[in-house]
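Those protein sequences? They're chains F and C, same order as listed. Per my numbering: the first sequence = residues 475 to 874. Per my numbering: the second sequence = residues 475 to 874.
No lab work stands behind these hints: they were computed from the structure. Heads up, a few of these hints could be off.
[Stated by the list, open to error] Just the calculated beta-carbon pair ranges, DEER-fashion:
1. F:Glu479 with C:Leu590: 55 to 63 Å
2. C:Arg512 with F:Pro560: 32 to 40 Å
3. F:Leu873 with C:Met475: 27 to 35 Å
C-beta: ideal position from N, C-alpha, C; glycine also.
There are 2 protein chains.
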Amino acid sequence: MEHFECLFCRKKYPVDVFHPFCPSCSEPLLVARSRRPRAFHLEKELAIEKCLDFLPLPEIVPHLSLGEGQTPLIRLSRTMKKFGLPPLYAKNETANPTASFKDRGTVVAVHKAISLGLKKIGTVSTGNMAGSTAAYAAKAGLRSFVFVKEDTSREKIFSAGIYGPVLFTVRGDYGRLFRQSFEIGKKFGIYFMNSVDPYRIEGYKVTGYETFFQLGSRPPRYIFVPVSAGGHLIGLLRAFQDLTSEGLIKKCPTFVGVQARGCSPLARAFRQKKATFSRFSNPKTIAHAISNPNPPGGNIVLKIVRENGGMILGVSDTEILKAQRWLAEQEGIFCDPASATTLAGLLQLSKKMSFGARDQIVLVITGSGLKTLDDMDTFKVNAQESSLESLANKIETVLS
Amino acid sequence: MEHFECLFCRKKYPVDVFHPFCPSCSEPLLVARSRRPRAFHLEKELAIEKCLDFLPLPEIVPHLSLGEGQTPLIRLSRTMKKFGLPPLYAKNETANPTASFKDRGTVVAVHKAISLGLKKIGTVSTGNMAGSTAAYAAKAGLRSFVFVKEDTSREKIFSAGIYGPVLFTVRGDYGRLFRQSFEIGKKFGIYFMNSVDPYRIEGYKVTGYETFFQLGSRPPRYIFVPVSAGGHLIGLLRAFQDLTSEGLIKKCPTFVGVQARGCSPLARAFRQKKATFSRFSNPKTIAHAISNPNPPGGNIVLKIVRENGGMILGVSDTEILKAQRWLAEQEGIFCDPASATTLAGLLQLSKKMSFGARDQIVLVITGSGLKTLDDMDTFKVNAQESSLESLANKIETVLS
């Protein structure tokens, strides 16, 4: 039978999607690993079908899927050359149906909601998860409830609101809103599939498996991933733990979690060698998607990244914006500031340590720049005006 | 040797990417079909590698690709049920690297540019093609030149400008700008890969092949596609002509081109049974991406759609906005107004004719709603405000 499990207490608990937290230590619970025989089914159409044996789902219902996953792994040749880096790749999760990695987790959690006979789902989000949850609810015919912070940008509200959820902008502390959503969920039968939902995290594993196959059935040496609540990193790392326990790889990649320095509770705790983090005061960063001063999966991330031999870095907004622009201008990838922390973190780290010439590095690009255009005024996008008549002369000037 | 070909004069001409128009009748030229043996290579990684034999390229250079294609074909179960339609699918081209179908064409044209030793490419665009061309230029290390209309929205300018092209907003007639771009291109050695570029059109064929395979190596009965300049429909139809000539299918799907009624020169000419269209005066529609009053591929579209037994429809902005909202709220697909014309056209047509119960219908969803958020004020996105304290009560009210 399926159970939840606490990574700290090591205890197992019955599944309860309305309150997936440890009764003793309050940490988020994960789906306990099953012992059933597992194989990949690469001949299948959907990403979650290919990886079904590794997911806590009895079956895949194709009409719950929007075709998430199977995203490109792009070699960043120009970045490698410029900075003298070993083989470097971007796993481009912006190619997902709602343009972020969240869809990977949402589709699995929605499967769980349907199998439990639930009719209502919800989420607390800074933006990407709101759109993803509302979209999959629409596809599945579920009613969705989305709570966002009161200062959420117009474009983030629209990009979720279009799917027709019940949408509230909520005044007050985001951490309290997160906890309160579970009370509301329990009371009204709404499954709040938030950032560290155990089934959502299982969905993120698929990105790890795909990366492994895209590299020719080999793990990369390093994976850089933005860290906010922690769910994404936890899922990715669990994917490679699965591959290890199946005997498909010998060694997990080293994980580098990256936070925006302006809101970096985990990078700080890691630097200070603390087992648990403390709340980050006065968060301020352009990387809104990862600006979580009190990340619910933070202590799990600290624990598993240490066990993995990895690290958690902080990068400045200046580094982030420079990396975002570089990825667009040199590699043709337009990501949001949160995603750009991965390249910023790599460039920061490459000044302090050297990588082996064959060390493959993967940056996980989590969200699209199209949802953060409101932040673009920080850039000078160089649009010049011209009449038809003077255009040729102006081009000549540009070229001279 | 590779040639260009005029569908009207039936004459062949040498390849000239700087002026791909018929010297006699001024119509856009296409790449003449090659007679080399052709097969699909489905075991390959990239979409263009799988279809290489069907493309006018000697080889694929992987580092020119951003992982375009292999987009989901989503069954629209809820729409079928609601409107009593036969099997209905959305080919979701918004999952491409720059969130539109344009990437399919750009990657092929950029291959051609590189093989010709060119260092500069450009485009004239209302938005999607600007971003796509600039992104692939960045990836390939080419300099790009992008001309957009003076009233192009801030978000469209940003979503192209981020890739670092030379970007001009140009005052004056868009048709004249289109023609002038080729003069500028010839003068300064800039390959303007515009809407009806012969290599761009070849790239769109890949969407047709993929759809065929995703339907279990069968063609759909109908394909609905938005029509602006005409290049996309021409490419898609050529794909199925290829499949016919290879003996893989017996009959081409019937093509239904859809235009916004507020700018529908081809729908009008089709209705009036004219062989050629005339310029549409005072275009006005919310579907900016297909608002082209003087489509360069228009006469080819009229010719091939008639030969195909298909049709060209016009739909109102009201129908478009309703269809856009339906696709988001019921199917979880957030497309731009231009893409929504496909569902609007289908619903309009379904009132006049009946489809066979087994007729498979594919709607080609060409671009993402994330690039047209500026137009969203026409919607009421229902965001309510709440304090943390009153949230539970408000949810209770919603549910009661």
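Now for the hints, and whether the structure bears them out:
Look at Glu479 (chain F) against Leu590 (chain C): about 59 Å separates their beta carbons, and that is inside 55 to 63 Å. Range check, Arg512 (chain C) to Pro560 (chain F): Cβ separation about 38 Å, and the 32 to 40 Å hint holds. Restraint check, Leu873 (chain F) to Met475 (chain C): a C-beta distance of roughly 32 Å satisfies the suggested window 27 to 35 Å.
In this structure, none of the earlier numbered hints is contradicted; all agree with it.
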